[in-house]
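Using the hints provided, position chain B relative to the given structure of chain A.
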Amino acid sequence: MAASGRRLRGDPESGFTMDETVAEYIRRTVLKIPRREIMEMLTIWDFLSKTQLQTINVHHTKERISQEVVTLCEENCAGIKQAAILDMICEETDSLNLADFKYKFKRSLQTALKNVTINFREYEDNALWIRIAWGTQYTKPNQYKATYIVYHLQTPYVFISSLRSNLPLLCQALVHASNYHDIHEMELRSRCLDSLKDIVFKRYSQTFQTYHPRPLQERNVAPEKVDPRIIQENKREKERIQRVNQEVFGNGLQPKIEFAQYKLETMFKGEPEMDILTEKEPFRCVVKFSSPHLLEALKSLAPAGMADAPLSPLLTCIPQKARNYFKIKERKDILSASCLGS
Amino acid sequence: MRRSGRPSPRGRRPQQDMGTPDSLGMTPLGRKTAETGINFTSTTRFSRGLTFIRTHTLFGQSPARRIIPQTSLLQENADPQKIAFLLRKQWTLYSVTPMYKFSYGNLKEYSRLLSAFVAAEKQKGLAVEVGNDLGIKVTLSALLGLKGTDQDQAAILVQIASRSQLPVENAEDRVVWSGWFCCVSGDDFLENVPEDFTCLSLFLANGAESYTTIVGTWFQKTFDCCFSRLTISPLNLAWMAAMWTGCEVDSHMAATELVFSVPCLPQTLDISYAIHPEDAKALWDTVQKTPGEVTQEEVNLFMDCLYSHFHRHFKIHLSATRLVKVSTSIASAHCDGTIKILHSKHLIGVLMLLTELAISQIQ
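Which chain is which? The protein sequence lines are A and B, in order.
If you want the numbering used here, it's the 1-based position in the first sequence plus 128.
If you want the numbering used here, it's the 1-based position in the second sequence plus 178.
Bear in mind the hints are in silico, worked out from the structure with no lab data behind them.
Predicted, not measured: the structure shown is a model, and the values here were computed from it.
Among the clues, some could well be false.
In silico BS3-like links for lysine-lysine, alpha-carbon gap of 30 Å or less [unchecked claim]:
id : chain 1 : residue 1 : chain 2 : residue 2
1  : A       : Lys209    : A       : Lys160
2  : B       : Lys260    : B       : Lys315
3  : A       : Lys416    : A       : Lys397
4  : B       : Lys459    : A       : Lys408
5  : A       : Lys416    : B       : Lys459
6  : A       : Lys363    : B       : Lys493
7  : B       : Lys518    : A       : Lys391
8  : B       : Lys493    : A       : Lys366
9  : B       : Lys503    : A       : Lys397
10 : A       : Lys234    : A       : Lys160
11 : A       : Lys178    : A       : Lys209
12 : B       : Lys493    : A       : Lys408
13 : B       : Lys467    : A       : Lys397
14 : B       : Lys493    : A       : Lys449
15 : B       : Lys493    : A       : Lys325
16 : B       : Lys493    : A       : Lys455
17 : A       : Lys457    : B       : Lys493
18 : A       : Lys408    : A       : Lys391
19 : B       : Lys503    : A       : Lys416
20 : B       : Lys459    : B       : Lys503
21 : B       : Lys493    : A       : Lys397
22 : A       : Lys416    : A       : Lys391
23 : B       : Lys467    : B       : Lys503
24 : B       : Lys459    : A       : Lys455
25 : A       : Lys416    : A       : Lys455
26 : B       : Lys503    : A       : Lys391
27 : A       : Lys384    : B       : Lys503
If we strip away everything but chain B, and leave its shape as in the complex, we get:
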């Protein structure tokens, strides 16, 4: 059955069989989700921050609208070098349940314990690196500046470095694996978190998967939490394509590229659809109505426009295929749950979205 590519006509307000949000940002009561059309009622709570309006995601459904922060929200105490370290790397995403009795004051102790654990696991022959058992050093440190609101917990960076083999003094250790926990503007999605728990719901890892497993195991055992791979649905990828295409980028605009995978064929077929960044942004600007806010309808219209232009040339219905990867000037994301962030200016915005996805996966 082919999906008809017709978008909603312009001018129609988004479907709302709910109460209007008031000035304090109270979230609506019942909501028709774009995907399933089933009505849910939710309990609401006042959001503590007056800065943004938030909608409560229910059972992993995508919200009717999302906010894009227009300016860089990196807080002043961010270390530019550490932030630069996070950019232009491919990170694998995980969602983490709240950690029990995690203390920021014990980071040195945790480093020591984790180092010992990693060394022990390596001797079991589980780790990948061979011939480099002259000392593995693990450090946990706070990553300052990666907060959306003051209620967010500070981000934590974990790094595994192998001690330099050179006999030279002060020779640099080589970082072989990195992982960081963060939670950006997550407090509005998290209700009534008890005191002993720390919510760092998003975890990003770069390096050998064996190390990721070891570190994850230690955190799970020590803080009684649970890691799971965070996959990104085609719907959320479409959101990312729309939201990130609209972001202002000062330097080096990259094409907006969408990669589709065609299922159910005897041969696999991948279609890459890359649009010149200026033209993609021009299209998005005519679709988006309220600056700083994106609705589901706008995302659908944007995608339908792209599908229809494609169909005109090739007679292929992209809507019947599966969107697996999105790349823009801001960041690129793959449905397997990997991400690469390219600009520090939009780092917080991207982390905000990922935090939301992580938390809705936990629920």
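Pulled out of the complex, with its shape left as it was, chain A reads as follows:
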């Protein structure tokens, strides 16, 4: 919920009104805390009572938790001083966490490998970049073939680039340093880091069932100067395709990925006239789509007349499923995607 337009909050009992900016600040600070650390932070803060803390359910959405905290702060008449202290506690913990992570990660790798160069760099968007140059027991690290890792500490996702070997070792170090249990590789690859972040953090404009579909005229498109004598034969079909395409792909820009690969092990079935291949064995093939911007290209296939609308869910599910490697098997009589490990 946005802060703009909200009145000064008031606690009806004590007559205290918390400053709107303070409320928003507290709310945002709480949002930044990783879920598993929220109770710990609030306890250290020591501003809310034990009974108040017990009313907070950490299994709710973070939005809801932050709202609840703000409401409790109002009861306690929080001011900017308390908000600032909370912020400092989080910052300190953040940097402690960060320092802890870096220390543990470095130690984990360096114990296993003598010759390895590890460097860290933090960015404003809370991204930690790690650069690793790998050597072997007898050779110095090769600085020209470094691996890069991007890790947002508040999230359970890690992005790895240019890793040629030592994956198990790296995984072990990451798990150990981040205090997680386990790590597994997602079947998702792209050259555009921002798009990968958009997909896993679900920051792109997701399509949901549009209850109020926007008619096409609403868009700011200058009317074309079309000769009135030209009649479009399949105007309705074209509009239908546009509408269906929008429902499936959404209005926003698609995340940028370069390819998608499908391993098909389904039965061969052609048109009814082709009584070909009445065998019981699957028709094995591998299909790979590649493009500088795959999702945009797929989106333009139906309007160009080269595909049906709606496009197959095998293609449109890529951002939602956050993968671009698929294994498709026949499931009884229904063609469906059984994605391994998803």
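Just chain B, lined up with the frame of chain A:
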């Protein structure tokens, strides 16, 4: 407008508004081509060889049927080492018009002249290789065994080697460019060739394009012939996919892969469709009726089956896209006119098809 993917129903004979071929292999009179549906009448001639039936290609149209040789036709005098040299390399294809007053007896003389020409051109700064002007050696030699019929001219291999810089004796020269001319079973497409002309209609080159240009220029000047890039249409690529998928391969079967490029999009999109070789062959075997012979209808049906299986999963009409590359266990070909041949057993079969394409491009 979307193309409907419906194939012709099974059991229908291929369209023939022509006379039936007789036992001597006389070619039909008029033919409806698969692509344009326009009727052409042609003059025919008796084919000299009784071994195969041939159809005459008209104005570059693809024939209604083609023969696939089932056994290796490499003649006994083929040098296995030289043949192995031709395999597993990417060759760029050209079609060559008949050469005037080319003599097999003068190969040494040609080598000398071409060496001088290449050296001269290099000094003009046209060639690519820099710092290696310590001698370029060009050799022309006959490539034995690459004939389809006895009427074919023997193939010629041209190689450019740079002399070894090492002071060691007998140090090997490094081959920097190779090109070869051949004509496999081409005589049935070539009518009334006068005596002074040698028909080696197919040229394959591997190496720097600057050398290809130099060698081509010399041949054009010396023998009054003309080289042009041989491109392969999607239709012929489909033929290759069907014909080569059906070939028996003893070892190391590779997937049958078709690569499509989608035009008219704001972003380019390439689709690679690779089928397990056993499954592709099984599909082809149910489509093909007469062993050793392939018809246009069979090729269409094979492709339509593949398109329809694809459409079922992805709802995309592959028939609206452009087939640009075909790879099989036998060979791989790209529409720009490049080829890679993988098995010596099928070398002659592939060259036969390419010769046919080269000659129809010349006409």
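We went through each hint and held it up to the structure:
no. : hint                : verdict
1   : A:Lys209 - A:Lys160 : holds, 19 Å
2   : B:Lys260 - B:Lys315 : holds, 18 Å
3   : A:Lys416 - A:Lys397 : holds, 20 Å
4   : B:Lys459 - A:Lys408 : holds, 16 Å
5   : A:Lys416 - B:Lys459 : holds, 21 Å
6   : A:Lys363 - B:Lys493 : holds, 21 Å
7   : B:Lys518 - A:Lys391 : holds, 26 Å
8   : B:Lys493 - A:Lys366 : holds, 17 Å
9   : B:Lys503 - A:Lys397 : holds, 25 Å
10  : A:Lys234 - A:Lys160 : holds, 26 Å
11  : A:Lys178 - A:Lys209 : holds, 21 Å
12  : B:Lys493 - A:Lys408 : holds, 24 Å
13  : B:Lys467 - A:Lys397 : holds, 20 Å
14  : B:Lys493 - A:Lys449 : holds, 19 Å
15  : B:Lys493 - A:Lys325 : holds, 29 Å
16  : B:Lys493 - A:Lys455 : holds, 17 Å
17  : A:Lys457 - B:Lys493 : holds, 17 Å
18  : A:Lys408 - A:Lys391 : holds, 18 Å
19  : B:Lys503 - A:Lys416 : holds, 14 Å
20  : B:Lys459 - B:Lys503 : holds, 18 Å
21  : B:Lys493 - A:Lys397 : holds, 14 Å
22  : A:Lys416 - A:Lys391 : holds, 9 Å
23  : B:Lys467 - B:Lys503 : holds, 26 Å
24  : B:Lys459 - A:Lys455 : holds, 22 Å
25  : A:Lys416 - A:Lys455 : holds, 12 Å
26  : B:Lys503 - A:Lys391 : holds, 20 Å
27  : A:Lys384 - B:Lys503 : holds, 26 Å
Violation of the numbered hints given earlier is absent; every hint is satisfied by the structure.
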